[in-house]
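Residue numbers (this note's numbering), protein chains in the order written: chain A, 1 to 297; chain B, 1001 to 1292.
Hints listed in this document are in silico derivations from the structure and should not be mistaken for laboratory results.
In this text, all values refer to a predicted model and were calculated from it rather than measured experimentally.
Don't take each hint at face value.
What the hints assert, rightly or not - Simulated crosslink set (DMTMM-like; lysine to aspartate or glutamate; CA at most 20 Å straight-line): (1) B/K1254 to A/D134; (2) B/K1254 to A/E292; (3) A/K130 to B/E1048; (4) A/K130 to B/E1255; (5) B/K1254 to B/E1048; (6) A/K294 to B/D1119; (7) A/K19 to B/D1119; (8) B/K1120 to A/E292.
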Amino acid sequence: MTTTVQVDFRTRLQNWIPKLVLAPSLGVIMVFVYGFIVYTVYLSFTNSKILPSYDLVGMANYTKLFQLPAWTLAITNLAIFASLYIVISTAIGLTLAIFLDQKIRGEGVLRPIFLYPMALSFIVTGTAWKWLLDPGIGIEHTMHLWGWASFHFDWIKNSKYAIYTVVLAAVWQTSGFVMAMFLAGLRGIDNEILKAAQIDGASNWNLYWRIIIPQLRPAFLSSFVILSHLAIKSYDLIIALTGGGPGRSTELPATFMYSYTFTRNEMGVGAASAVIMLMTIAAIMIPYLYAELKEVK
Amino acid sequence: MSAITQDTAIRTGRVTRMLIYVTLLVFTLFYLLPLFVMVVNSLKPLSEITGGNMMSLPKTWTIEPWRQAWSSAQIGVEPTGLKPYFINSILMVVPAVAISTVLGALNGYVLTKWSFRGDKIIFGLLLLSCFIPFQIVLIPMATVLGKLGLAGSIPGLILVHVVYGIGFSTLYYRNYYASFPTELVRAAMIDGAGFFRIFWRIMLPISGPITVVCIIWQFTNIWNDFLFGASFGGQIQPMTVALNNLVQSSTGVKEYNVHFAGAILAALPTLLVYIVAGRYFVRGLMAGSVKG
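In isolation and in its complexed conformation, chain B is listed as follows (with noise of 0.2 Å):
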């Protein structure tokens, strides 16, 4: 999207463009109202919140309810912090995005290079599990993972994460691979090349860019989910869940800076990600949307 220059033929007036800039000023400012609330509240002692403007810079900062949120805050009954939930998602998100990502590059070749018949339906029966409401298989599931004793266990979570991620990351490889010439494919298979090592010698090296893609994509979606932590995350529960616990706690004093450092937190790793690599984050949005 950021390769695409701007040359629209259209022209216009001073006025008209005050109110553009006046416009794009004030959703500017809507936008960013949100984080920059949390980030200076989240830097003030609570008797400044409660007594004071949420608009105004601390008086006195103090990264207290930092430390607070991260290794003391009450989670559920346990003072823990969300130190030990930041590590059971990093735990999760990390195989998860992994091994989703093998799978849907491989499926992606096969599905583009060493067609056959029916794949279109196999295609077809992959992407469509990307759009179910998650509440369609919420009680099997947690039948399933009860059964197989992963319920309430990091690699259960895995489990499903990679279940339900593997439509996505095949649709990103599949829509890549296509439009990369067969006959090169073609050529290594005469020369008698087999199918890991054409995978490994030609498809691997070309794929860099949906990779990143896809590995965002799953990363932001699988650190994000709430439903699967919460209906299966048991006592092992990820940072999102953890957070809405600290939150919604109705124990004690609301400890406001704690909930927005905790919050913070809980956004960090996307936010890198998208400040990093929004480019990559911006495409991999738009190629689920839309064709690749």
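The following block holds chain A by itself, in its conformation from the complex (with noise of 0.2 Å):
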């Protein structure tokens, strides 16, 4: 009699085991993420400034941030600096896992030096290209030295060009690693196939034209959706590269946010782009990561 009552009760105890385990994260996640975008979203529906205000003002604040021309430059710039840093980082990644899969010599010492990038902070990134793109002492520079005196590189300081600079060093720090991405996608490949068509005269154009990139669907598309929403969280970069500046001309909105909200002492606009951010970032990746779920079961 006693015993069966202690199995019951080390049975029962062990089914509330895993579920106990659990519960801590699940509770700090429920109250640090989703807890805490409810009440941003409840912010960005008041009338708060410097600190939080429970007044709600209706949609006033996404209307007023609308009309804020520094909000229409930040999307602006993003929109810029998403597509381009996208196709580029891309169009080099796939290039270079091409290349490095025709056996080359020396793969092993190319492959960690295109991909170190990725170990590094944004800031450090930030701080290396600032340096090299200052036209007194970077790159331009060290052209005129060489005697190529007509040489001429400043984007940095100039405000229609300084947000391709943040594409440069965005691409550089990485398009290694959707290389890795491409490259995992390329060795997956079966050989038969290709080996089969390159009997029928293919030639290797048309073999990757038409049988390998094709294949590589999936890379394709795991890139485009952690280059998008590493664009979009892109703050550090604008921070240590260009500040924002000249001006604002490389405002983004994750700098936009953080000005708003700190500095300007606007946090009900802060919270509203914050909001806009999140739903941009929602509108990628729930989608994709619904579609990876179903595939994994």
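Both chains are given apart, each in its own frame, so use the hints to dock them into the complex.
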């Protein structure tokens, strides 16, 4: 009698332990992620200024946000930055992966060199490129010293072109990672199909264009998702490379949110901009993760 | 990735191969240029930088910039060098990585071997939390850390990094444990082994590789974080924030050589991890991007 009660108690305890173990993490995530999201969404409908306030003002912050030239500039910059960054990183990544896949001598040396920037902080990357791009001491100066007197490269000081220097530094940091994803995809392709097509007289160009690249769809998709996610979140790189300048010419939504919330004391507007950022990322991530999860099962 | 061998069926001609090697060489130079410039110029006296060529090797080699960056450069208002901030980062990173990894392992174990109704939804919630833009939590986090008395403290930063690190560590272990035969766990249960005993005796011994991946990922991310450090660090700044303050300081002469030494110091821990365990670093990146 007593033993069955004990067994019963033990099994019931055993059934509860897993849930108890998971509970703290779940609780923390529910509060610090989802609770905080709800709170920020709520703040975006209030007239919060320097401190949170709970007076609802409807859509006023969003109306104001989209009338602010600084916000329009930030999302225009994001559109330019993200599209160039994604396209160029993907093109470089794919090219390097295909080239590295040609039985290259020294692949084991080249691969880590292409990829190491990914281990660095964006602050370090920004510091290095800020200096290289500085016309007075960096690449332009060096070219002059080497005798190319007409060489001119001062984009970082030019509010029209500064955003492209952000693209350059960001591509430098992550294109090697895109290469790694494509290379993994290339190495997973079945050689028998390629050999069959070669017997049929297909050229290398055709092999890649018709057979191999279409099979890399998953790698294209993952790199698109990761790069767009990184682009929308970009904050440190801007801070270290251009500080948002010259003027405000390289502000992105992430820097806009920070300055409106914490230095301009427009917390309601800052919250609204954060909500827009979240919605943009969710529109990309949720369908992707949903598809991935369904496959894993 | 490196385990997979090169065995493409593609054949290339001599001219094509030349072009391929040239392109690869150009990109190698592109990726190495910033590192080369930083290292070389961190070993020059300042006069050689402002008056000379960034690509040339130092005429007078000096480690003085490194010494200054480490122990006497002006960070903000204090001439402390980066040393105290390096220590801050270590004190923040080690516990944050340890806690988030342990939690991730336990969560992954529960979600794969002790499945219950609703576990898929819980995993989905944890997974989504990896991908939020942190701007969405900055305002409430600042308030909560203030209320808890943790603003501007190491424990506060540890809390933040653990909270936003759990999602990824759970993802790693969950995907890894999912491929481990559940029958073995069942058999152990029938033999009377409990939850923790199974974890300790069966799951942990096979968890080596994924633990390395997870630790490297968390370490790199937390060490390199700037947003949380700048927002919640207060006086207790991590290395990235201190480096930014050093480089952006507007007072006095810009000591580029000291800046470079500082930048390398900030990059050194993650670079070392990459050099020592690059294979696992890549695996972590890939697992974070696609399924495990």
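Hint by hint, here is what the structure shows:
1. B/K1254 to A/D134: holds (13 Å)
2. B/K1254 to A/E292: violated (49 Å)
3. A/K130 to B/E1048: holds (19 Å)
4. A/K130 to B/E1255: Judged against 20 Å, a Cα distance of about 14 Å means the pair holds.
5. B/K1254 to B/E1048: holds (13 Å)
6. A/K294 to B/D1119: Answer holds: A/K294 to B/D1119 is near 14 Å, not above 20 Å.
7. A/K19 to B/D1119: With Cα atoms ~10 Å apart, A/K19 and B/D1119 stay inside 20 Å; holds.
8. B/K1120 to A/E292: holds (13 Å)
Hint compliance for this structure: hint 2 alone is broken.
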